[in-house]
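Kindly produce the complete structure, drawing on both the sequences and the hints.
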Amino acid sequence: MAAAPPEAPAGAAAARRLARGCWSAFWDYETPKVIVVRNRRLGVVYRAVQLLILLYFVWYVFVVQKSYQDSETGPESSVITKVKGITASRHKVWDVEEYVKPPEGGSVFSIITRIEVTPFQTLGKCPESIKVHSATCHSDSDCVAGELDMLGNGLRTGRCVPYYFGTSKTCEVSGWCPVEDGASVSQFLGKMAPNFTILIKNSIHYPKFQFSKGNLASRKDDYLKRCTFDHVSDPYCPIFKLGFIVEQAGENFTELAHRGGVIGAIINWDCDLDLSASECNPKYSFRRLDPKHVPASSGYNFRFAKYYKINGTTTRTLIKAYGIRIDVIVHGQAGKFSLIPTIINLATALTSIGVGSFLCDWILLTFMNKNKVYSHKKFDKVCTPRQPTSSWPVTLALALGQAPPQPSPLSGQEGWQGAKQGPGIWPPRPCPVSALSEQMVAAPASGLAQQDSTPADPRGLAQL
Numbered sequence: 001m002a003a004a005p006p007e008a009p010a011g012a013a014a015a016r017r018l019a020r021g022c023w024s025a026f027w028d029y030e031t032p033k034v035i036v037v038r039n040r041r042l043g044v045v046y047r048a049v050q051l052l053i054l055l056y057f058v059w060y061v062f063v064v065q066k067s068y069q070d071s072e073t074g075p076e077s078s079v080i081t082k083v084k085g086i087t088a089s090r091h092k093v094w095d096v097e098e099y100v101k102p103p104e105g106g107s108v109f110s111i112i113t114r115i116e117v118t119p120f121q122t123l124g125k126c127p128e129s130i131k132v133h134s135a136t137c138h139s140d141s142d143c144v145a146g147e148l149d150m151l152g153n154g155l156r157t158g159r160c161v162p163y164y165f166g167t168s169k170t171c172e173v174s175g176w177c178p179v180e181d182g183a184s185v186s187q188f189l190g191k192m193a194p195n196f197t198i199l200i201k202n203s204i205h206y207p208k209f210q211f212s213k214g215n216l217a218s219r220k221d222d223y224l225k226r227c228t229f230d231h232v233s234d235p236y237c238p239i240f241k242l243g244f245i246v247e248q249a250g251e252n253f254t255e256l257a258h259r260g261g262v263i264g265a266i267i268n269w270d271c272d273l274d275l276s277a278s279e280c281n282p283k284y285s286f287r288r289l290d291p292k293h294v295p296a297s298s299g300y301n302f303r304f305a306k307y308y309k310i311n312g313t314t315t316r317t318l319i320k321a322y323g324i325r326i327d328v329i330v331h332g333q334a335g336k337f338s339l340i341p342t343i344i345n346l347a348t349a350l351t352s353i354g355v356g357s358f359l360c361d362w363i364l365l366t367f368m369n370k371n372k373v374y375s376h377k378k379f380d381k382v383c384t385p386r387q388p389t390s391s392w393p394v395t396l397a398l399a400l401g402q403a404p405p406q407p408s409p410l411s412g413q414e415g416w417q418g419a420k421q422g423p424g425i426w427p428p429r430p431c432p433v434s435a436l437s438e439q440m441v442a443a444p445a446s447g448l449a450q451q452d453s454t455p456a457d458p459r460g461l462a463q464l
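Using the UniProt record's numbering, you'd call the opening residue of the sequence shown number 1 and step up by one each time.
Treat the hints as calculated values from the structure; they're not laboratory data. Take these hints with a grain of salt, some might be off.
As the list claims (entries may be wrong) - 25 Å max Cα-Cα, derived DSS-like pairs, lysine-lysine:
id: 1; residue 1: Lys336; residue 2: Lys306
id: 2; residue 1: Lys213; residue 2: Lys66
id: 3; residue 1: Lys169; residue 2: Lys131
id: 4; residue 1: Lys225; residue 2: Lys101
id: 5; residue 1: Lys33; residue 2: Lys378
id: 6; residue 1: Lys208; residue 2: Lys66
id: 7; residue 1: Lys320; residue 2: Lys191
id: 8; residue 1: Lys372; residue 2: Lys33
id: 9; residue 1: Lys241; residue 2: Lys220
id: 10; residue 1: Lys33; residue 2: Lys208
id: 11; residue 1: Lys33; residue 2: Lys131
id: 12; residue 1: Lys66; residue 2: Lys82
id: 13; residue 1: Lys213; residue 2: Lys378
id: 14; residue 1: Lys101; residue 2: Lys320
Next comes the structure, spelled out in structure tokens:
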């Protein structure tokens, strides 16, 4: 007697059933079913959500953001600057060639407002600055000969010598003497500096739209020689007073001139090219860029030297300059109507309106008292017969979801047998009904039975 084949494990059988179910569900077709729910509160929620979405797209997306336009950011830009004015310190008169660095007139330049001058420096030996770390000493043993401090002013000789003033001693160095802290003299140039005028000439170009414009008035008279900027009366006269720039940045001029700082002159070109070119105008703003509240990095200064010879000896004047640095920053965005972004945003708006239906369906299926009734009405399953048929009209009707022609006028078991023996026509097969659906349908006193007995809506919509 042959042995019975071993049975497959329960897990493998369950996996095969799951795989068959997934494969069968993959080929299912889903189509929406329209159901009218007569509930005033739910209708208010539905229309309110739709209204909010519509307002968002109409007002914010299309009006504020102008999403119907094709845009370009970061225009190609050119900046030329020119400073004019004179000022005086205690000992001399200063003109533009001396207090503007660098003199080329680029987008970044500095205006010197205070200097610390160390005159008549020559190569020799002198005490190191007391501000240098480990420069203070008591004897020669505290100073190492040949040591070079990167933050110092020269090469140490190994001697401990008296400082320039006071009773302190520092290590002697070989370099430019005297060192900066030992003999510097401070001079303030900011007395007339608020009246300095700064011309900022700027031109921009948007290559995508082939649009170019500048910030100067196209006039042939001497308009630029007698005007200063005013955003109402003279918007195309880009000549600013230094005091006006500092005031617009919210700074105190005296304090800024004493310690130095960095001011950003920001030119913004936001242009709607659907309008005329005269509507595309530059907007100016000013703000401080360096961190003034951080003591370690507050202020702005730099050093330079002027060299000359006295009796054949090379001599220099070291200048530590404090000033106001101006950084001209240009940015902007141009937009013009384009069909592609308009279609994309309209499609997004129409699709987003469906969020109201999703929200109301979730409320119905989750929080409503008759959520089971709604679920039963919303989700239906229609099955087609598995047996093949030799009648092509029946096959086409079943493929299109239509009812096939009746095989015969028989009823009951006889009709089934007659249909089965007919010319290859099989009647539709009932779908499997879940336990929950069977319980709901079989309950004679339930609300669902009453709803099923209600006549169909004449417009083809089921009513809840």
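For each hint, the structure was consulted:
With a C-alpha separation of about 54 Å, the suggested pair Lys336 and Lys306 falls outside the 25 Å cut-off, and the hint is violated. Proximity of Lys213 to Lys66 is assessed by CA-CA distance (about 22 Å); at most 25 Å being required, the pair is judged to hold. Note on Lys169 and Lys131: the hinted pairing holds, with a Cα-Cα distance of about 12 Å set against a maximum of 25 Å. Straight-line distance between C-alpha atoms of Lys225 and Lys101 comes to about 23 Å, which keeps the hinted pair within the 25 Å bound.
Taken as a hint, the Lys33 and Lys378 pair is honoured in the structure, with Cα atoms around 7 Å apart against an allowance of 25 Å. Proximity of Lys208 to Lys66 is assessed by CA-CA distance (about 18 Å); at most 25 Å being required, the pair is judged to hold. For the proposed pair Lys320 and Lys191, the alpha carbon gap of about 18 Å is at most 25 Å, so the pair holds. Simply put, Lys372 and Lys33 have alpha-carbon atoms about 16 Å apart, close enough for the 25 Å limit, and the pair holds.
For the given pair, Lys241 sits about 23 Å from Lys220 by alpha-carbon distance, which is consistent with the 25 Å threshold. At most 25 Å may separate the alpha-carbon atoms for a hinted pair to count; Lys33 and Lys208 exceed this at roughly 48 Å. At roughly 85 Å between alpha-carbon atoms, Lys33 and Lys131 are farther apart than 25 Å, so this suggested pair is violated. A distance of roughly 37 Å separates the Cα atoms of Lys66 and Lys82; the hinted pair therefore is violated under the 25 Å criterion.
Taking the CA atoms of Lys213 and Lys378, the gap is near 61 Å; set against the 25 Å cutoff, the hint is violated. Distance check on the hinted pair: Lys101 and Lys320 sit about 13 Å apart at the alpha-carbon level, within 25 Å; holds.
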